[in-house]
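Protein chains in written order, with the numbering used here: chain G, 6 to 439; chain D, 6 to 439.
Quick caveat, the hints were computed from the structure, so don't treat them as lab data.
All figures in this text were calculated on a predicted structure; none of them were measured in a lab.
Just so you know, same-sequence chains aren't split out, so a pair can sit in one copy or run between any two.
In silico BS3-like links for lysine-lysine, alpha-carbon gap of 27 Å or less:
#: 1; residue 1: K330; residue 2: K117
#: 2; residue 1: K37; residue 2: K25
#: 3; residue 1: K105; residue 2: K91
#: 4; residue 1: K91; residue 2: K37
#: 5; residue 1: K330; residue 2: K91
#: 6; residue 1: K91; residue 2: K31
#: 7; residue 1: K330; residue 2: K36
#: 8; residue 1: K86; residue 2: K37
#: 9; residue 1: K214; residue 2: K105
#: 10; residue 1: K86; residue 2: K36
Number of protein chains: 2
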Amino acid sequence: MARVVLGMLGLGTVGSGVVKLLAQHKHLQLKKIAVRDLAKERATTTTCPVTTDVNEIIDDPEIEVLVEVMGGEEPALTYIKRALEKRKHVVTANKEVLAKHGPSLFALAREKGVTIFFEASVAGGIPLISTIQRGLGANQFKAVTGILNGTTNFILSNMEERGLSYETALAEAQALGFAEADPSADVDGHDVAYKLSILAALSFQRFVKPTDIYRQGIREITPEDLALAKEFGYRIKLVGTARSTNSTNDPNTKPNAEEKSLAVRVHPTLVPLSHPLAAVSGSNNCILVTGDAVGEIIMVGPGAGSLPTASAVVGDIINLESALKLPDFASYFQPSITSQWSNTASSDDWVSPYFLRLSVADTPGVIGTIGTIFGNHKISIQSIIQRGVKDGRATIVILTHDVREGDMNAALTDLKECPFLDSVASAIRIYRAG
Amino acid sequence: MARVVLGMLGLGTVGSGVVKLLAQHKHLQLKKIAVRDLAKERATTTTCPVTTDVNEIIDDPEIEVLVEVMGGEEPALTYIKRALEKRKHVVTANKEVLAKHGPSLFALAREKGVTIFFEASVAGGIPLISTIQRGLGANQFKAVTGILNGTTNFILSNMEERGLSYETALAEAQALGFAEADPSADVDGHDVAYKLSILAALSFQRFVKPTDIYRQGIREITPEDLALAKEFGYRIKLVGTARSTNSTNDPNTKPNAEEKSLAVRVHPTLVPLSHPLAAVSGSNNCILVTGDAVGEIIMVGPGAGSLPTASAVVGDIINLESALKLPDFASYFQPSITSQWSNTASSDDWVSPYFLRLSVADTPGVIGTIGTIFGNHKISIQSIIQRGVKDGRATIVILTHDVREGDMNAALTDLKECPFLDSVASAIRIYRAG
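Let the hints inform the model, and build the full structure from the sequences given.
If you want it as structure tokens, here you go:
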């Protein structure tokens with residue numbers, strides 16, 4: 006096999022794994038690693054020269070491939086652009102850079118005749134990108150849905166299994182190194198939104214602006230929600246989905262829409278206990294890919310971690326390396342992604358059943374009033390149960406049939422004007438197969 | 006994209022799906038289809054010319070790719086060889102031909118500078134081949150294990166859920182078209198053995214002769230076994246595995262073995278109800294791929310069916326087509342499979358726990374004698390329970406700890422000499438993670 010010379014940016018969790026794995030692949034020569042701080046302690050030792058000067062890599066004509074595993078938007082974006090300008094291929098694990106700047110980066114790569122490989126940017130070790138791009142290439146995709154963030158899944162699993170509060174479960178995850186000191190990227194759903202943008206680009210040929218993705222995190226989920234959900238046969242997961250609104254005949258499809266658009270969303274979701282998504286515990290990821298020919302394919306595996314993510318990075322390098330000797334191979338590997346951003350459907354138009362937990366005064370007529378308000382907004386109730394009466398207050402749990410999200414929001418606005426209502430403690434969507 | 010001209014052999018379930026899917030891909034031109042019987046009714050209509058003369062395809066220099074979806078060993082083998090000789094690429098769903106003749110076919114393809122694509126040969130619509138070959142390319146594989154036959158899984162699910170006998174469940178599957186009139190290929194495990202041979206070639210670079218694969222089917226499984234297994238927290242599945250005996254530190258590994266060899270086996274297996282394999286019902290397939298870097302990846306999806314299998318065939322054609330314009334691309338796509346057959350480990354050396362169901366006389370000392378015999382053969386019993394005493398006969402259910410298969414066979418031979426034993430009604434292995 007051909008020998009290929011690599012330069013790497015970053016030597017953290019993923020970079021250390023890449024160094025370890027590359028030791029098994031002698032024809033892949035890691036020439037230099039650039040880091041921000043030479044003094045920082047590393048999880049690995051390497052005989053490869055380490056520098057703080059990125060230019061030693063980007064300006065080195067012998068280095069054909071830039072491996073970017075530093076993460077974050079800047080300076081990674083600048084470095085990737087400069088490498089592409091110099092006609093270096095890029096292998097990156099950087100979901101944030103791709104989600105925010107994918108269209109221009111892929112356009113630049115095309116212009117320069119090089120490629121960007123990014124298997125590690127979504128779902129860690131699960132080879133989801135190559136599955137969508139190659140294995141399922143004969144399909145028109147309907148939806149890609151899944152649990153794409155191990156940190157929040159770990160927190161929710163712990164909250165459910167041990168009755169922990171969100172704050173306690175987060176603190177434990179932080180102590181174990183599974184959550185960052187500033188957990189916002191994970192718990193507020195940004196990380197999943199970035200990944201959905203990339204998955205949309207692969208499945209539907211257009212990136213979605215992360216700011217156009219409906220996003221709700223897990224901070225508001227309580228042990229009560231998890232316990233009640235379980236009682237009704239559900240488990241609460243942070244589920245992300247990118248779904249074509251023009252490809253299926255479910256209520257989330259608008260076959261006559263003038264322009265193709267996507268519903269792209271991440272929020273807590275009640276999934277039936279018997280569904281594969283409910284079985285995903287701890288830091289694993291699980292993705293359901295629905296195509297017109299194949300139906301549904303499910304993939305489960307480690308969504309993060311040093312060696313699993315390095316498996317994806319080095320897998321990209323190997324695929325790149327064995328193809329590098331082919332003249333003009335870039336056009337083959339370049340994914341067909343347009344340089345325009347995708348439109349997204351209004352979140353008001355999303356349809357799914359709902360789980361509601363209301364705190365109310367324990368007075369007659371409450372359920373009747375709620376039923377009337379919901380009826381006014383075309384919301385059909387599947388079950389309504391009063392629980393835990395205490396000190397004149399009660400909890401009401403409602404499961405609805407399919408509801409348009411705009412209608413639910415209008416109903417909740419009306420409900421909040423009722424004198425008997427203390428609060429809408431929770432309003433969580435229920436999983437709906439595409 | 007480049008235009009590519011195809012000829013197809015076969016127009017049955019898979020071929021009909023391919024015709025339907027190709028209609029969405031206008032740059033892939035299906036020029037001619039060869040069938041055995043022009044008069045046979047087809048699941049699809051096509052404007053493509055249909056012939057009974059295979060030579061019209063194989064001898065047509067305009068046809069670059071032979072799509073072989075006729076199945077069976079001959080005449081498919083002869084046609085594939087002739088196409089390769091004529092420097093045509095081959096896309097095939099034919100597990101039997103590949104398993105029996107893989108080494109010589111891949112050698113011939115290499116010699117002629119063409120490639121064989123075979124995503125559809127294993128696990129139907131699940132893109133397992135591309136996942137092992139491309140997505141997980143950075144890994145040394147430890148094992149590939151799974152439910153690879155939808156027909157037997159459908160039969161076992163029905164037997165368990167509805168208490169049906171094997172014969173009744175088979176007859177139902179045949180009436181529904183899920184099983185063949187001669188069911189041997191499915192129920193005796195031949196189909197799984199072929200797939201394991203191919204998976205071994207991809208994961209460990211060498212095909213395994215189907216006759217070297219330890220194989221036991223589902224004919225002997227009874228509703229009693231399924232019910233008892235469930236009571237103990239297990240479900241019985243037909244599980245196939247190809248495992249390197251040199252790569253892990255489990256008891257099925259021989260780190261000092263002089264030569265690398267594989268344990269390749271298919272037999273009924275008790276899997277814990279909480280394990281992903283237990284959740285696979287009906288005609289779905291489920292595969293666990295274990296690599297040194299990534300850990301365990303699980304894939305679930307339709308293992309057969311017209312459009313899912315066509316998804317794999319057409320996916321191969323698309324990947325081939327977009328690469329055809331690259332000079333000398335064949336070497337890139339040619340899997341690195343040697344032309345030698347792999348050695349296989351003796352089935353006597355396989356280690357796993359066991360589930361046993363014995364029919365015995367209800368007399369004192371039986372359990373003591375069984376315990377002594379097992380002790381003599383280094384078999385440690387996890388639980389032994391007497392059930393269903395009737396007319397002086399009783400059923401004894403035994404779950405053991407890890408046992409070497411040779412030791413178990415020796416113990417069963419001793420047991421059969423005991424006067425109290427009516428029969429060893431069942432001896433089924435319990436799943437053991439690699």
